[in-house]
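Heads up: the sequence lines are chains A and P, in that order.
Position in the first sequence counted from 1, then plus 490, gives you our numbering.
Position in the second sequence counted from 1, then plus 490, gives you our numbering.
These are calculated hints, taken from the structure and not from any lab test.
Do not take every clue at face value.
Copies of the same chain look alike in the list, so a pair counts if it works inside one copy or between any two.
Claimed, not checked - Under the rule of at most 25 angstroms between Cα atoms (straight-line distance), these lysine to any residue pairs were calculated in the SDA-like manner:
| id | residue 1 | residue 2 |
| --- | --- | --- |
| 1 | K585 | R747 |
| 2 | K585 | Q716 |
| 3 | K585 | R745 |
| 4 | K585 | P743 |
| 5 | K585 | L744 |
| 6 | K585 | D554 |
| 7 | K585 | R748 |
| 8 | K585 | A558 |
| 9 | K585 | L751 |
| 10 | K585 | T749 |
| 11 | K585 | A738 |
| 12 | K585 | D746 |
| 13 | K585 | A623 |
| 14 | K585 | D750 |
| 15 | K585 | I612 |
| 16 | K585 | A508 |
| 17 | K585 | P737 |
| 18 | K585 | V600 |
Below are the chains, spelled out letter by letter.
Number of protein chains: 2
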Amino acid sequence: MDTLNLALWQCPYAPGTAEALARLDATAARARAQGAALLVCPEMSLTGYQIGSDGVAALAEPADGPLAQAVAAIAQRHGIAIVYGYPEHNAPGEKPYNAAQCITADGQRVANYRKTHLFGDIDRAQFSPGDAAPAVFAWNGWQLGLLVCYDIEFPEPARGLALQGADAILVPTANMIAFDEVQRVLLPARALENRVFVAYANACGQEGETTYGGLSTVCGPTGSVQAQGGRNEELLLVALSHGDLRPARDTSPLRDRRTDLYDPLSR
Amino acid sequence: MDTLNLALWQCPYAPGTAEALARLDATAARARAQGAALLVCPEMSLTGYQIGSDGVAALAEPADGPLAQAVAAIAQRHGIAIVYGYPEHNAPGEKPYNAAQCITADGQRVANYRKTHLFGDIDRAQFSPGDAAPAVFAWNGWQLGLLVCYDIEFPEPARGLALQGADAILVPTANMIAFDEVQRVLLPARALENRVFVAYANACGQEGETTYGGLSTVCGPTGSVQAQGGRNEELLLVALSHGDLRPARDTSPLRDRRTDLYDPLSR
Numbered sequence: 491m492d493t494l495n496l497a498l499w500q501c502p503y504a505p506g507t508a509e510a511l512a513r514l515d516a517t518a519a520r521a522r523a524q525g526a527a528l529l530v531c532p533e534m535s536l537t538g539y540q541i542g543s544d545g546v547a548a549l550a551e552p553a554d555g556p557l558a559q560a561v562a563a564i565a566q567r568h569g570i571a572i573v574y575g576y577p578e579h580n581a582p583g584e585k586p587y588n589a590a591q592c593i594t595a596d597g598q599r600v601a602n603y604r605k606t607h608l609f610g611d612i613d614r615a616q617f618s619p620g621d622a623a624p625a626v627f628a629w630n631g632w633q634l635g636l637l638v639c640y641d642i643e644f645p646e647p648a649r650g651l652a653l654q655g656a657d658a659i660l661v662p663t664a665n666m667i668a669f670d671e672v673q674r675v676l677l678p679a680r681a682l683e684n685r686v687f688v689a690y691a692n693a694c695g696q697e698g699e700t701t702y703g704g705l706s707t708v709c710g711p712t713g714s715v716q717a718q719g720g721r722n723e724e725l726l727l728v729a730l731s732h733g734d735l736r737p738a739r740d741t742s743p744l745r746d747r748r749t750d751l752y753d754p755l756s757r
Numbered sequence: 491m492d493t494l495n496l497a498l499w500q501c502p503y504a505p506g507t508a509e510a511l512a513r514l515d516a517t518a519a520r521a522r523a524q525g526a527a528l529l530v531c532p533e534m535s536l537t538g539y540q541i542g543s544d545g546v547a548a549l550a551e552p553a554d555g556p557l558a559q560a561v562a563a564i565a566q567r568h569g570i571a572i573v574y575g576y577p578e579h580n581a582p583g584e585k586p587y588n589a590a591q592c593i594t595a596d597g598q599r600v601a602n603y604r605k606t607h608l609f610g611d612i613d614r615a616q617f618s619p620g621d622a623a624p625a626v627f628a629w630n631g632w633q634l635g636l637l638v639c640y641d642i643e644f645p646e647p648a649r650g651l652a653l654q655g656a657d658a659i660l661v662p663t664a665n666m667i668a669f670d671e672v673q674r675v676l677l678p679a680r681a682l683e684n685r686v687f688v689a690y691a692n693a694c695g696q697e698g699e700t701t702y703g704g705l706s707t708v709c710g711p712t713g714s715v716q717a718q719g720g721r722n723e724e725l726l727l728v729a730l731s732h733g734d735l736r737p738a739r740d741t742s743p744l745r746d747r748r749t750d751l752y753d754p755l756s757r
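This is chain A alone, in the form it adopts within the complex:
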């Protein structure tokens, strides 16, 4: 389809997964009623993010685990695709991954990505880093990619998705209020330099001592901010158009890259 009707759910973490799923169910209904075909939720959407290594270990599941099945049921009930974050089982004895998954409106799991760039002590205490670069997947005529939070602060993973042909990069995140420069400075650049849409769905509110900054943002392929939330819970609706990608790509720098000079970047 030429237009992707996207919803970003900027929300505080719920007290427990049952409550989180109930809120997701209500939000998916609301997003669909407003015309959205795809709903993006924050990092570790249903469990909370800073839940400690014991909490992560207790709630981690395989990509087709109970949370995934509950999300699939919600997606099917309301006829909307859902991107959400969750702690994914790793090998026995290894810390789980900080993963994001896309489940379509017919309940199919079509993409799973494990955060590759871990952020500080919080991530390192709770998670293992993903061992695969992000991969583009096709959905409804769009080429999509998933990243998680800190990943988008690096030019490299978004570049990798753009080189695979991504139209839009969807980023569940839990960015603290002290780091607004990610939304203000980095997201427009990732979109512009790669001629892609970037959709960044942030948490808001408190989790323990931490305040999340909201300001969930959708940037277009010219670096413009197409939508941005405030500090509080909000459902952002944005229509992404292939028609905006085409002229931006007429002047795409991707074809002018000097791959012969970039080897030092991977050493």
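Let chain A serve as the given structure and place chain P on it in line with the hints.
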């Protein structure tokens, strides 16, 4: 030194190299009088940028050619280092390079860089692409790197300089008025994502049919805009401080890169 007193000369192209050198001489005097130790000029500073392949061929010179000697004399006369752009001789029969050079206050040539990312038909008609990634050089206690114009729109060359330890990236440029998003969107991101200063000295005014956009910009390592020119000729004075680099680097993402996953970026 802890502080680098930098001047950016945002200027229109002069009618001819003699006039360009006279203006540079006056500007270097003024910059030094205002305390600057290093003056950065636009791309192809002394010859004009869109001078055609014949014009480039006629004015091209080796890195120690007559223009370089004249710039060295100006640098020594006023006691100020100068970064300027010029067309550099290539092998016989090959188009010249679009180069930038740094000449210190004692007249020494300490760095020369050949633009690696050529922009559209203008660059391709006039120049050969540089065949070496940019390299950091030391100057007065600072680690500096040179890029030219379009190079900074790519994350890769700035990243390469940051990985070599660059403190500041100096960018002679000739960016047209239609492309203000480079200054607005990309420069702050390059500075923030690499924890470096970025100083972008643009042309202004008319050259044939082309209007250059000015808005010469210095960004700090938190992505802040420390100085920005308007649309007309201007000498920007900015003090860069090592003291701003240190706290920014305490949270540098450079140490969290996943080089094991970046090989596809150089293929």
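Give me the numbers of the hints this structure contradicts, sorted from smallest to largest. Checked against the structure, the hints that fail are numbers 2, 11, 17, while the rest are satisfied.
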